[in-house]
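Q: Okay, here's what each chain looks like letter by letter:
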Amino acid sequence: MTIIKRGFAALAAGALSIALAMPAVAEPVKFDFWFGLSGDLARVVDTLCKNFNASQTDYEVVCTSQGNYDATLQNTIAAFRAGKQPAVVQVYDVGTATMMLSGAYKPADKLMEENGYKIDYADYFPGIARYYATSKGEMLSFPFNSSTALMYWNKDAFAKIGKTQAPKTWEDVGADLQAMKDAGYECPMAINISANESWQLMEQFSALHNQPVATKNNGYDGPDARLEVNKTKFVQYVTDLKKWYDAGLIKIKSKDLGQDMVQAFASGTCQVILTSVGDHGTVGKTQKAGMNWDVAELPVYAGTERKNSLVGGASLWVLSGKSDAEYKGAAAFLNFIHDPKTALFWSTNTGYIPVTKSGFDYMKSTGFYDKAPFKGREIAIASLTASEPTEITRGVRLGNFTQIRAEFGTQMQAIFANKVSVQEGLDTLVKNGDAILDRFQQTYPGKTLP
Amino acid sequence: MEKRVTFGSWTIGILFAVPQLLLIFTFFYWPAGQAVYWSLTLQQPWGGGNIWVGLDNFRSILSNADYWNSITASLVFAGISTGLAMFVGLVLAALTDRQLTGSRFYRVVLIWPYGIAAPALAMAFRFILAPEAGFMAVVNQVWPGFWDPGLDGTDAMASIIIAFSWKYVGYNFIFFLAAFQAIPRSLIEAAAMDGSGVIRRFWDIQFPLITPTIFFLLVINITESFQDSFGIVDIMTSGGPANATNLMVYKIYSDGFKGLDYSGAAAQSIILMVLIVVLTIFQFRFIERRVHYR
Chain U
0 MTIIKRGFAA
10 LAAGALSIAL
20 AMPAVAEPVK
30 FDFWFGLSGD
40 LARVVDTLCK
50 NFNASQTDYE
60 VVCTSQGNYD
70 ATLQNTIAAF
80 RAGKQPAVVQ
90 VYDVGTATMM
100 LSGAYKPADK
110 LMEENGYKID
120 YADYFPGIAR
130 YYATSKGEML
140 SFPFNSSTAL
150 MYWNKDAFAK
160 IGKTQAPKTW
170 EDVGADLQAM
180 KDAGYECPMA
190 INISANESWQ
200 LMEQFSALHN
210 QPVATKNNGY
220 DGPDARLEVN
230 KTKFVQYVTD
240 LKKWYDAGLI
250 KIKSKDLGQD
260 MVQAFASGTC
270 QVILTSVGDH
280 GTVGKTQKAG
290 MNWDVAELPV
300 YAGTERKNSL
310 VGGASLWVLS
320 GKSDAEYKGA
330 AAFLNFIHDP
340 KTALFWSTNT
350 GYIPVTKSGF
360 DYMKSTGFYD
370 KAPFKGREIA
380 IASLTASEPT
390 EITRGVRLGN
400 FTQIRAEFGT
410 QMQAIFANKV
420 SVQEGLDTLV
430 KNGDAILDRF
440 QQTYPGKTLP
Chain C
0 MEKRVTFGSW
10 TIGILFAVPQ
20 LLLIFTFFYW
30 PAGQAVYWSL
40 TLQQPWGGGN
50 IWVGLDNFRS
60 ILSNADYWNS
70 ITASLVFAGI
80 STGLAMFVGL
90 VLAALTDRQL
100 TGSRFYRVVL
110 IWPYGIAAPA
120 LAMAFRFILA
130 PEAGFMAVVN
140 QVWPGFWDPG
150 LDGTDAMASI
160 IIAFSWKYVG
170 YNFIFFLAAF
180 QAIPRSLIEA
190 AAMDGSGVIR
200 RFWDIQFPLI
210 TPTIFFLLVI
220 NITESFQDSF
230 GIVDIMTSGG
240 PANATNLMVY
250 KIYSDGFKGL
260 DYSGAAAQSI
270 ILMVLIVVLT
280 IFQFRFIERR
290 VHYR
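Each protein sequence line maps, in turn, to chains U and C. Every letter in the first sequence is one number past the one before it in numbering that gives the first Met the number 0, and letter 204, counting from 1, is 203. Every letter in the second sequence is one number past the one before it in numbering that gives the first Met the number 0, and letter 255, counting from 1, is 254.
Only chain U is shown next, with the shape it has when bound in the complex (with noise of 0.2 angstroms):
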């Protein structure tokens, strides 16, 4: 018996000088990241942060995919709750308003300035940095994974009824898939009516032809803003779409009904779609052999001044209560990612464009957008810098916009489904968005947007 114990008691006391030694060799200090990308996109990430921690010896970053932007803004907050969240977040640009009056971050500025790390904040692009700025210009997450919609377009179809150029105007547009549907195409143009599409159809579109999508320069200016879409240019835009979809020229194209509208643009089905520049790769991979097409700016109405689109996508917040040291190792993340090396990486190995001008100026002088498969990506840059931000093209900051998207997703598919007028449908948006931000503003009793 005494022999058992004593083999233990060597046992432990050797495990417990192995555990003492250990960190004498200098242990990285961790900390994690946690992320809303799944799938190839994912990889790329997990590669970003295994390049990272290779190139010092000091910090060690874990990074975690939470599935999708929304699991992982529930996940933080679950996290945030039990004292056990992330040093480094990523939140999607809808998700800015919430994380600004959660109270729940260190500003990011602040924190690579206490770190003596230098950013020339001027070098981000003003239409992504105006997007996560507070009101005043501070910096208070890093601008991340950055896109904006573009016009994809079937150069066939379009030389079939002798065009070579995509069309401009949503005037040209109309009489273009008129004459590809006279030219025998059954679907010149797809589009999808879910939450997902009010950034392309509401958001980018209000802010291409200036017009705001809510009072309070679009909720920039305090919790108190309301939605205005209902009495704007859009209204327009979402009587001109459904003409178009009666008239047989637009079909509905969703995953749920067997193939959404990039794969049905991408295998020739469909001639023109709205999307993502994040999807130019996707395209470039999946498409019918030999099948010409390109990218254009979203177009506007005629005599319409073009603005700057919106940036999508999501920004890094770095979260309070974290120790020193972790806050060390999340600032040098923070500048490893705003490298332009990194910008360079990132965006070819993904549709993401680079948000700071050095960025794309490095990428420019690799010759990166003179070869093929990336050729037209610099549009959406052309798209972002159309003009300086007004004070309501920066964005969009609304409480719980998640659930105003997924309102417009309701009210668009009750007018496809002939259900309520064009307006009935826009004033319904309207009144129920107004209650979720009510509801949004009495959750924050007195607290204002920085």
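With a straight-line Cα cutoff of 20 angstroms, these simulated EDC-like cross-link-like pairs (lysine to aspartate or glutamate) come out:
#1 U/K370 with U/D293
#2 U/K241 with C/D151
#3 U/K254 with C/D233
#4 U/K287 with C/E131
#5 U/K29 with U/D45
#6 C/K257 with U/D437
#7 U/K356 with U/E137
#8 U/K340 with U/D119
#9 U/K254 with C/D147
#10 U/K105 with U/D31
#11 U/K418 with C/D147
#12 U/K254 with C/D151
#13 U/K254 with C/E131
#14 U/K356 with U/D369
#15 U/K430 with C/D55
#16 C/K257 with U/D433
#17 U/K363 with U/D122
#18 U/K254 with U/D69
#19 C/K257 with U/D69
#20 U/K83 with U/D69
#21 U/K418 with C/D154
#22 U/K254 with C/D154
#23 U/K242 with C/D151
#24 U/K418 with C/D65
#25 U/K340 with U/D369
#26 U/K356 with U/D338
#27 U/K321 with U/D108
#28 U/K418 with C/D151
#29 U/K241 with C/D147
#30 U/K430 with C/D65
Read the hints as simulated data drawn from the structure, not as lab findings.
With chain U fixed as given, assemble chain C onto it according to the hints.
A: Leaving out everything else, chain C in the frame of chain U:
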């Protein structure tokens, strides 16, 4: 003489019950109590604080037309899918019980659907019922525009009812078959010798004898159709088109977790809980009367 076993001491009885009570408290009463508290406050999602609002959450939910639409959709879904799943399960079990050719095979195979997770089966049905690519594409070619769950709310509701019923047919089948097999063969044989046919034997002997099982399955199916529909709705329709399939349990999820409106979602779960309790009491009070226990 008193035949029942009685315990002299209360403490021993309570001691035996304590582990179970603790479990129920931790995993049911405590979270349910928390939900009640949340439903009476406005919770900031990040835990920054909350405000007592009394019954405001309930008032705003019950005055919302979308919510009533969601209740109606849930009731329609519960009614039709319970009826369908129980009817098909009953017919299949009755046929299997008759020892027709291959009944041993069916007995095993028909139980499988219940073993499939809701999201997986929803994914399968999404492919099967896709209007442009699946089985329904064939139907759509014959009658263009016949099937369009993307825009037609009725079609979307039909899709989730089919998927849900398909799963619960297997569950009901097991119970019905067990009930049928518990009926003494001599009863059926005696009836057969008296010259009654299959249908007659079913209605006069088997059906009355399995009413306890039917009642049990009715309660379970209705309760489950309120709760277990989530995975199917999430994968197949996401509550659309135009809220046609936004069942109560899905609305709780989307308001609470997507919309970060924890208080509103808590209030909705309280309402859902009350509704299920009321429905169950109703069933015990009025339908159980017609059940013959042996």
